[in-house]
Amino acid sequence: MSFLQLQALGKRFGEHTAVAGFDLEVEQGEFIAFLGPSGCGKTTVLRMIAGFETPSAGVIRIGDEEMTRLPANRRHIGMVFQSYALFPNMSVYDNVAFGLKIAGMAKCEIDARVREMLALIDLEPLAGRYAYQMSGGQQQRVALARALAPRPRVLLLDEPLSALDARIRVALRDDIRRIQRELGITTVFVTHDQEEALSISDRVVVMHQGRADQIGSPAQIYNRPATRFVASFVGILNTFEARVVAPGESLVEMAGQRLCVPALGQRAAVAAGDSVTLALRPEAFGIQPHGADDVALDGEVLDCRFLGSVIRVQAEVAGQRIACDIFNQAGTLEPRPGERIELHFSAGDVLLLDD
Amino acid sequence: MRRRQVERMRRWPLLSWSIVLLAAGYFLLPLYATFQFSLGMQRGELSFAAYHWLFGSDRFLDSLSYSAVASLLAILAGTLLVVPTVYWVRLKLPQARGFVEFASLLPLIIPPIVVVFGYMRLYGDGSWLPLTTSDGRLDLLLVIGYVVLALPYMFRAVDTGMAAIDIVTLTEAAESLGASRWRIVVSVIFPNVRSAIVAGAFLTLSISLGEFVMASLLSRPAFGPYLVQMGQDYAYQPAALAILAFVITWACMALMQFFALRKPGQRVLPRLWAERTTKKEREVS
Ligand SMILES: Nc1ncnc2c1ncn2[C@@H]1O[C@H](COP(=O)(O)OP(=O)(O)OP(=O)(O)O)[C@@H](O)[C@H]1O
Ligand SMILES: [Mg+2]
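So the sequence lines, in the order shown, correspond to chains H and L.
My numbering puts the first residue of the first sequence at 1, with every later residue one more than the last.
My numbering puts the first residue of the second sequence at 1, with every later residue one more than the last.
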């Protein structure tokens with residue numbers, strides 16, 4: 001049985017349904033990211049786990065204990081907020097010690113634990129500082145230490161990095177992951193930044209309109225998006241309208257080409273003549289033929305951006321603008337706007353989107 | 001046009017200065033005159049005889065200390081009433097804030113004389129809760145009256161103080177660390193609105209210290225009725241009293257500023273604070 005279980009969780013605010021039928025099982029020590037656009041209910045689910053909102057439906061379990069109605073202060077769940085929320089009247093030391101004092105720990109134990117936590121976030125020299133004397137990044141580290149100090153069973157972070165600038169965001173993100181691994185603490189991390197979600201989590205929950213659209217590893221989410229929403233929300237996607245030619249052989253016609261799309265085989269009810277939506281990631285394209293199931297498309301280069309390791313080419317193919325990322329290898333000629341270009345992809349990389 | 005004015009001000013610093021001096025004079029001259037007059041008790045020479053007289057008078061000291069104690073009790077009761085109320089309203093009933101604010105302003109609209117007559121009717125002899133039957137009960141009624149009089153100021157001060165911190169998130173942070181509501185109010189909310197409470201407290205003090213209507217109608221031996229009595233009976237002593245009252249008020253304002261501007265962690269003596277911090281920093285590293 002998994003450690004943190006959410007079953008059919010739902011939350012209504014008056015008429016408005018913020019979360020509906022949300023199921024999730026998290027293993028002990030796992031790092032889960034909730035990813036989704038603004039207003040999709042990420043914070044609401046997190047707050048229900050923390051006990052700040054009462055679910056309208058469903059069950060929350062941690063270990064084999066039911067938490068659904070337990071008050072927040074008896075759940076042993078650590079929380080980190082976007083706005084840091086350090087107690088302004090307390091020093092860093094006292095902030096970190098706060099939860100330990102409430103737990104009734106002995107003074108020397110508290111001292112040892114606070115030191116340990118401050119060492120973990122690398123801020124021992126700032127023990128005497130107050131929130132207004134620290135940068136946002138430092139404050140958020142302290143908030144993390146404060147949340148972790150009482151050894152909570154689950155750590156929740158609600159967009160903890162949103163208020164920080166890009167460089168600190170990446171550094172702190174890696175720190176959070178390192179500390180999470182060190183302590184082996186079960187963690188749920190909310191973000192609307194897909195790079196953040198994909199880069200640090202074991203599994204990603206993509207949320208859409210109060211539901212979990214897809215739950216899977218970052219690679220699964222990116223390479224095998226389960227719904228049209230996930231496909232379009234995570235990464236850049238080129239979509240093509242296509243017509244089914246022979247469902248038995250997974251044969252479709254797209255941009256004047258016939259190709260075999262293996263993904264079509266998994267769909268039950270398709271008949272010849274049906275229209276389907278296919279999608280390709282920019283990096284699925286190349287300028288060299290791909291091998292056995294190669295498909296070539298003719299296009300005209302519209303724009304070219306040099307991004308370092310890749311060159312992003314915008315091209316017009318069959319009357320449609322598509323984006324492709326071409327690896328920047330030595331000897332690759334940079335395409336120029338106005339040139340004709342032949343783009344290749346492998347039919348196996350084609351994603352089939354649901355309608 | 002505004003810009004022209006500003007430029008003229010800049011070209012004529014004399015003008016702005018004279019306005020300031022004029023305004024200062026408007027306030028300071030009467031004060032100076034009162035002070036001058038209060039020094040004239042002994043014919044033909046300037047002396048502090050009137051002040052001497054006051055500090056030698058039992059009634060002065062008694063009424064002042066009576067009012068001071070009543071004010072302090074009113075501050076205590078007001079704080080215990082207002083802080084949890086404002087906190088709860090902001091946390092759980094934000095839609096009720098307008099109503100609570102309106103209710104807290106009522107003492108400004110309803111004259112104290114009406115309030116005190118209301119009290120006497122409501123809590124008089126033979127009522128369900130008689131509070132006018134003994135001196136101790138009348139004292140209690142006076143303190144309650146002061147709490148009500150100071151409510152608009154106390155509420156405003158505390159409400160502004162709470163607006164400055166994100167009490168909802170702080171409360172949640174403390175809750176997730178296991179703190180009970182009571183613990184949160186005591187160790188997170190109170191300390192963070194301390195300067196607001198202090199500001200409200202000094203306002204309460206300056207209102208209730210010289211308050212006349214309630215004290216005199218409840219016939220309490222307070223400072224306000226004493227001031228009025230003195231004004232009728234003596235010449236020089238009231239002037240000295242006015243100056244003293246002024247000094248007390250200004251001392252309150254200065255203290256209020258001091259507490260309002262103090263940041264957490266700053267001690268009264270900065271040196272001590274610095275030592276404490278470095279000690280702790282050294283300890284941890
Ligand atoms: N207290 C509330 N009362 C009424 N509606 C609410 C409340 N809290 C959230 N909602 C609504 O529930 C929906 C989900 O909100 P939630 O805060 O969970 O979104 P989110 O995914 O965290 O968005 P963001 O990325 O902007 O933080 C939104 O439509 C929001 O308007
Ligand atoms: Mg949110």
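It should be emphasised that the hints constitute simulated quantities derived from the structure, not laboratory data.
Be aware that a few hints might be false.
Claimed, not checked - The calculated EDC-like cross-link candidates involving lysine to aspartate or glutamate, where the alpha carbons are at most 20 Å apart (straight line), are:
(1) L/K92 x H/E53
(2) L/K263 x H/D94
(3) L/K263 x L/D166
Going through the hints against the structure:
1. L/K92 x H/E53: Distance of about 12 Å is within 20 Å: holds.
2. L/K263 x H/D94: Holds, at roughly 16 Å.
3. L/K263 x L/D166: holds (17 Å)
Comparing the model with each numbered hint stated earlier shows that all of them hold.
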